[in-house]
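Put together the whole structure using the sequences plus the hints.
Chains as they are written, first to last, in the working numbering: chain A, 1 to 565; chain B, 1 to 315.
Each hint should be verified, as a subset may be incorrect.
One-sided and incomplete, this derived list gives chain A residues near chain B with beta-carbon spacing under 10 Å [as the list claims (entries may be wrong)]: (1) Q243; (2) S323; (3) F379.
Rather than coming from a laboratory, the hints here were simulated on the basis of the structure.
Don't be surprised by glycine CBs; every beta carbon is placed ideally from N, CA and C.
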Amino acid sequence: MSVGFVMLCHTALQRAAETARHWASRDCPVVIHVDKRVGQADYDTLASALSDLTNIRFSSRYPCEWGTWGILAATQAASAVMLRDFADVRHVFLASGSCLPLRPVADLKAYLASRPRVDFIESVTTGDVGWTVGGLDTERFTLRFPFSWRKHRRLFDGYVKLQRRVRFKRRVPAGLVPHLGSQWWCLTRATLSAILDSPDRAEIDRYFKLVWIPDESYFQTLVRRYSSTVESRSLTLSKFDFQGKPHIFYDDHLQLLRRSDCFVARKIWPHADKIYHNFLHGDAANQASAEPNPGKIDRLFSKAVERRVKGRAGLYMQSRMPSADRENGRTAAPYSVFEGFAELFENFEAWLGKVAGTRAHGHLFAPGRVEFAGGETVFSGALSDSARMRDYQPKSFLTNLIWNTRGERQCFQFGPLDLQEISWFMAGDANAQISVISGAWIIPLFHSNQNFGDIRREAARLQKVEADHLNILSSQWTKARVRIWTLAEFVENPMEPLQSIIDEISPRSLRRLTEAPRLADLKGFGQFLQNLRNQGMQPVLMGDFPTGEDPYPAASRRGRPYLVK
Amino acid sequence: MHRRELSVVNNRTAKITPSAIIALSTVRNERIRLPYFLRYYRDLGVDHFLFVDNDSDDGTREYLAAQTDVSIWTTKASYKESAFGVHWLTHLQRRYCHRHWCLTVDVDEFLVYPFCETRPLRALTDWLDASAVRSFSAMLLDMYPKGPIQARPYVEGQNPFDIAQWFDSGNYTLKRNNWNGNLWIQGGPRARAFFADDPYAAPALNKIPLVNWDRSYAYVSSTHMLLPRGLNLVFDDKGGEKPSGCLLHAKFLDTFATKAAEEMTRGQHYADSQEYIAYQQALASQPDLWCKFSEKYINWRQLEILGLMSKGNWA
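Below you can see the structure in the form of structure tokens.
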């Protein structure tokens with residue numbers, strides 16, 4: 001008792017010949033079908049190359065266009081030859097010309113001999129398959145598909161639409177429950193002959209001729225009618241990508257294929273000399289005879305598909321340029337934006353870098369230059385500190401910075417003096433943690449030595465800029481984690497908000513803050529605000545500061561008032 | 001027309017087989033670079049080279065004419081008026097590259113693509129064919145040495161990236177060009193060192209050098225963009241990544257200073273050689289493009305991890 005191989009070939013006939021020879025010379029009969037679209041000369045070359053082997057047959061040729069009945073007609077014809085000419089074949093293995101045996105034939109024979117009645121064919125009801133491309137699963141069986149998908153796509157699509165509109169439905173022949181599965185199977189003589197010799201085959205064939213991609217459903221459906229034991233998996237390792245085309249194996253997959261313990265793999269790149277040499281001529285007999293285990297290969301390919309479909313979040317590059325809101329994450333990692341903190345606290349950046357263990361930049365969007373941490377003139381990824389380069393495409397600047405520093409959280413200061421163009425982008429970014437002390441930008445003005453008229457004008461301008469910015473942050477499109485305090489609120493109790501921000505930045509540290517940054521001197525600040533009001537400007541963003549009273553005990557310049565034990 | 005400007009030096013195109021991969025290039029006084037260039041692309045699996053020599057006087061023409069897998073034409077006509085060589089190459093592409101995968105590169109551009117150490121170029125083009133993809137993007141990645149570029153002279157046959165080992169990994173800006181559908185990429189050391197005050201004028205780095213050619217196709221501006229416009233859609237706009245490579249650019253070698261001086265006097269480059277004027281000024285002060293955030297080149301996987309190129313769904 002042995003196993004016979006039916007091979008469907010259409011390209012790389014030399015490789016097909018090599019594989020056929022491998023099987024045939026190890027006492028496995030082979031029936032080869034060559035696509036009718038292959039030229040006669042190539043066919044003759046193949047036939048003569050294998051003419052010395054007595055257990056190879058060629059079956060009558062059909063054109064095998066993808067998705068059409070031709071492939072099935074070819075499979076039927078070749079299988080019939082196999083059953084007719086090789087009486088001691090018990091299992092028939094359907095393979096393609098680009099399949100390659102990964103384990104010694106003896107292994108496969110032993111495996112099948114110990115499962116003499118088992119049919120290996122992936123066969124799943126239409127409701128349960130998740131892999132069909134183009135959404136046609138149940139409809140494959142209930143609509144008619146007379147037009148080629150490859151050559152006449154418009155007719156194909158149009159005819160599908162038309163049938164849907166007129167609610168056309170074909171009747172599935174009685175006794176058939178539609179099943180789908182991989183085209184590559186290994187069936188017992190009993191099952192295969194029952195399918196091919198079935199009394200109603202003419203009717204069933206007529207039905208399947210207009211089913212879409214019948215090679216994935218014909219045997220998969222009929223096997224349920226005749227088989228005593230269906231093992232619903234394919235012995236052929238074959239992975240499909242998101243377009244429904246098979247993944248291809250190259251020389252660098254050699255070790256992966258060896259360790260998969262699968263019997264047969266497709267598709268092998270025809271020029272993968274190392275793989276072909278290794279598995280067809282190498283000595284693979286000392287491999288352990290384990291169950292097939294394609295897990296690693298599965299992971300590799302599903303990762304590849306994910307890369308193609310979802311990509312790496314926050315990456316913008318030559319072959320990934322998502323349109324707005326298709327980014328799957330605007331930036332690569334979480335980052336923190338501080339507004340007003342550097343103005344309210346002395347040396348805030350240094351303090352922040354220390355307690356949060358992150359990179360704390362100054363105002364990255366400052367008008368003069370990019371204030372990278374430590375006063376760097378270039379930063380990760382060779383980003384320049386030139387304000388002109390940053391302003392040329394501020395979004396790119398930010399996404400680059402976050403991408404380049406993956407693994408290290410970035411914090412930076414922002415305020416109404418900075419380039420505002422970036423506001424919308426940050427607000428819509430779920431990775432942004434934006435903390436605002438509104439109105440704190442006035443503190444440097446308060447400390448400055450300018451004419452009061454100039455201060456008043458500047459304060460009015462900055463207040464307007466910040467108000468616009470806060471509007472953006474509170475819009476319904478905002479996805480960032482936004483916290484806003486007025487200056488008055490914050491000064492009253494700075495430790496609690498600081499603690500919650502720091503906890504969010506480094507959640508694992510779980511330490512209480514023991515050292516507060518030092519507050520700027522606000523002596524006379526209430527009066528300063530009142531003076532602005534008296535001059536006709538209304539400072540609103542700072543919150544309520546009582547006139548004439550300083551916001552905290554004047555003694556606070558000595559010592560550290562907010563030390564928490 | 002421009003094809004009349006070309007006169008044949010050695011035409012071996014009869015050797016081009018139906019499945020051949022063809023490389024095309026315009027050269028002018030590049031003799032010293034040629035041996036390594038030819039070796040690099042022969043090793044990748046390029047079957048035939050088509051060159052247009054623009055009036056070289058350093059033996060470039062004679063050297064190329066003697067190579068058995070090279071066909072070469074020569075011209076004394078203006079580089080500028082042929083749209084920087086595009087018209088000459090378009091003519092050759094129409095004539096000899098129909099239905100061939102076709103790689104259009106300068107002699108200082110070296111293609112790196114996913115798995116290029118283990119899979120020849122044909123593995124890539126076969127895969128692109130199977131995926132019904134007609135064009136392949138490879139962004140220009142400027143490579144530079146550490147220290148002044150004149151410090152280590154380039155020797156014939158040498159791998160230029162033994163000297164120019166460094167690159168900028170993450171300072172590129174991208175824009176969509178809605179008219180042609182292509183991306184416009186700028187940045188890298190040239191933008192950082194020479195165009196910091198006028199980033200808009202920095203050179204374009206987007207390139208689509210590998211195309212399954214049809215005689216109806218044409219490059220529009222260098223290899224930055226093509227017609228028909230569909231060929232420029234080498235990027236995914238729904239969040240996914242398509243496969244792409246990089247063209248390692250060996251421009252910043254000691255040969256660059258002489259080249260820049262020569263181009264200045266000829267005035268034959270893009271936008272009145274504005275780029276070269278900027279270089280000339282910067283070069284006078286012996287610039288060092290290297291900075292402490294420069295990245296040292298290792299292999300394609302490094303470029304993939306850095307996000308400069310992608311495997312896409314090729315595994």
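State the violated hints by number, sorted upward, taking the hints as numbered earlier in the document. Going through the list in order, the structure violates no hint and respects every one.
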